[in-house]
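Enquirer: Listed here are the chains, written in short residue letters.
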Amino acid sequence: MIEQTEHIEHTDAPENMKGKIWRTFWILLAFTVVDILLYFMLLSTHSMWKNALFILLGVVKAFYIVGIFMHMQFERKTLMYTIILPMIFVIFFIALMIIEGDFTLTSRL
Amino acid sequence: MDTITLSTEKKFTWGGGKSPFNVSYGKLMMWIFLLSDAFTFSSLLIAYGFIRTSFLSPIPNTTVKPFDHLSHTFVEDMVEKTKYFVQDHWPSPELVFNHFPFIHGIHLPLFFVSLMTFILIFSSVTMVLAVEAGHRMAKKEVSKYMLLTILGGAAFLGCQAWEWTTFIGEGARLFGNPYGPRSFAALFFIVTGFHGFHVFSGVVLNIITYVNVLKGTYEKRGHYEMVEKVGLYWHFVDLVWVFVFTFFYLL
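Quick mapping for you: the protein sequence lines, in order, are chains A and B. No gaps in the numbering here: position 104 of the first sequence is 104 in my numbering, and each next residue is one more. Plus 109 on top of the position in the second sequence (first one is 1) and you've got my numbering.
Incorrect hints may appear among the rest.
[Claimed, not checked] Calculated pairs, DSBU-like style, for lysine-lysine (alpha carbon to alpha carbon, straight line, at most 30 angstroms):
(1) K192(B) <-> K174(B)
(2) K18(A) <-> K253(B)
(3) K248(B) <-> K190(B)
(4) K50(A) <-> K324(B)
(5) K253(B) <-> K20(A)
(6) K20(A) <-> K174(B)
(7) K253(B) <-> K127(B)
(8) K329(B) <-> K174(B)
(9) K20(A) <-> K192(B)
(10) K190(B) <-> K20(A)
(11) K174(B) <-> K253(B)
(12) K18(A) <-> K190(B)
(13) K174(B) <-> K18(A)
(14) K253(B) <-> K192(B)
(15) K127(B) <-> K77(A)
(16) K18(A) <-> K329(B)
(17) K18(A) <-> K77(A)
(18) K18(A) <-> K249(B)
(19) K174(B) <-> K190(B)
(20) K50(A) <-> K192(B)
(21) K249(B) <-> K127(B)
(22) K77(A) <-> K249(B)
(23) K338(B) <-> K18(A)
These aren't lab readings, by the way, just hints derived from the structure by calculation. Remember, it's a predicted structure, so these values are computed and weren't measured experimentally.
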């Protein structure tokens, strides 16, 4: 008979997790401020590059939130790919539809 | 027997007998749920990206600068006199979201949403600190940080309620608004509403977990994994806000 005991599997958190958390907080804060500053600097320019830039900044922030806050950096690679691969396709889909919207605009004009 | 099982376990990750992902069932399922939830939000953001770019870009604003005086008839002026809000052009977010609670009559573009973003990021930090304290089985610290997270979430919900009230007060509805394209307000209400609902559910889950922490349920169980699972959900809500913020206020 195998005895049923509750066993929790988890990857150990690295040393100095608190420091890592606060560092991530400041990075996220800095990126948000950069986002807002860039928005006002590029207020009168409208191009696909501007859209791409802001989405890229969003992805960088997402990288920190998922990696450190959600502990993904310290998980197994199998779990990482399970979650991240589909999301890469989704981001590709968002980019495609933004470009498609531009074509819709030109066909309306 | 035992040694044989052990050696096969080492050889084959997927050979059975252990979790190939090295996480518990509950955490893995939370990840899978978050992935499916991310698909739902993505579909809304894809719709936003498509509709936004199929309209002309906002007319460059040259009349109103930050900290300028804001008249009571600001929106009407933008529609009739300066003609910034028209049907073919997407409205500039800085001219729509320019109010701040308790500060009337001053043009403060995107100040309030930036504050909301900071609140949500901060509550995410307190949540991850609660998870970290859970690893050390420090009940007092877990409950302290959980409480801070709940307060942050509640503050965010309050901010969003205020934002909606102001937006509706200026004439925005699900089926029409004074800012131009009808889909602008419709998308705003649907996407921020859907996100706000997630924040609300997150706060409810956090409160349940907080009560259980205080009761010592997890201490008896021997681990604070539930805090981690609720934490994953809470970070996801923050993650979605990063993209809602980018799409609605910056693009």
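Enquirer: Between K174(B) and K190(B), does the CA-CA distance stay at or below 30 angstroms?
Expert: Roughly 17 angstroms separates the two Cα atoms, so the pair holds.
Enquirer: Regarding the pair K127(B) and K77(A), is the alpha-carbon distance no greater than 30 angstroms?
Expert: Given pair K127(B), K77(A) holds - Cα atoms ~16 angstroms apart, limit 30 angstroms.
Enquirer: Quickly compare the C-alpha distance for K338(B) and K18(A) to 30 angstroms and report which way the hint goes.
Expert: holds (19 angstroms)
Enquirer: Next pair to validate is K249(B) with K127(B); report whether the Cα-Cα distance is within 30 angstroms.
Expert: violated (33 angstroms)
Enquirer: Please work out if K50(A) and K192(B) have their alpha carbons no farther apart than 30 angstroms.
Expert: Holds, at roughly 24 angstroms.
Enquirer: Next pair to validate is K190(B) with K20(A); report whether the Cα-Cα distance is within 30 angstroms.
Expert: Violated, at roughly 52 angstroms.
Enquirer: For the pair supplied as a hint, K18(A) and K253(B), is the alpha-carbon distance within the 30 angstroms limit?
Expert: With a Cα-Cα distance of about 15 angstroms, the restraint between K18(A) and K253(B) holds, given a limit of 30 angstroms.
Enquirer: Decide if the proposed pair is consistent with the structure: K18(A) and K329(B), CA atoms, cutoff 30 angstroms inclusive.
Expert: The given pair, whose Cα atoms are some 25 angstroms apart, holds under the 30 angstroms limit.
Enquirer: K192(B) and K174(B): Cα distance at most 30 angstroms?
Expert: Since the Cα atoms of K192(B) and K174(B) sit roughly 16 angstroms apart, the hinted pair holds (cutoff 30 angstroms).
Enquirer: Can you confirm whether the C-alpha distance between K20(A) and K192(B) stays at or below 30 angstroms?
Expert: violated (49 angstroms)
Enquirer: Take a quick look at whether K329(B) and K174(B) sit within 30 angstroms of each other, Cα to Cα.
Expert: violated (58 angstroms)
Enquirer: Would you mind confirming whether the straight-line C-alpha gap from K18(A) to K190(B) stays at or under 30 angstroms?
Expert: violated (54 angstroms)
In summary, the structure is inconsistent with hints 3, 4, 6, 7, 8, 9, 10, 11, 12, 13, 14, 21 and 22 from the numbered list given earlier, while agreeing with the others.
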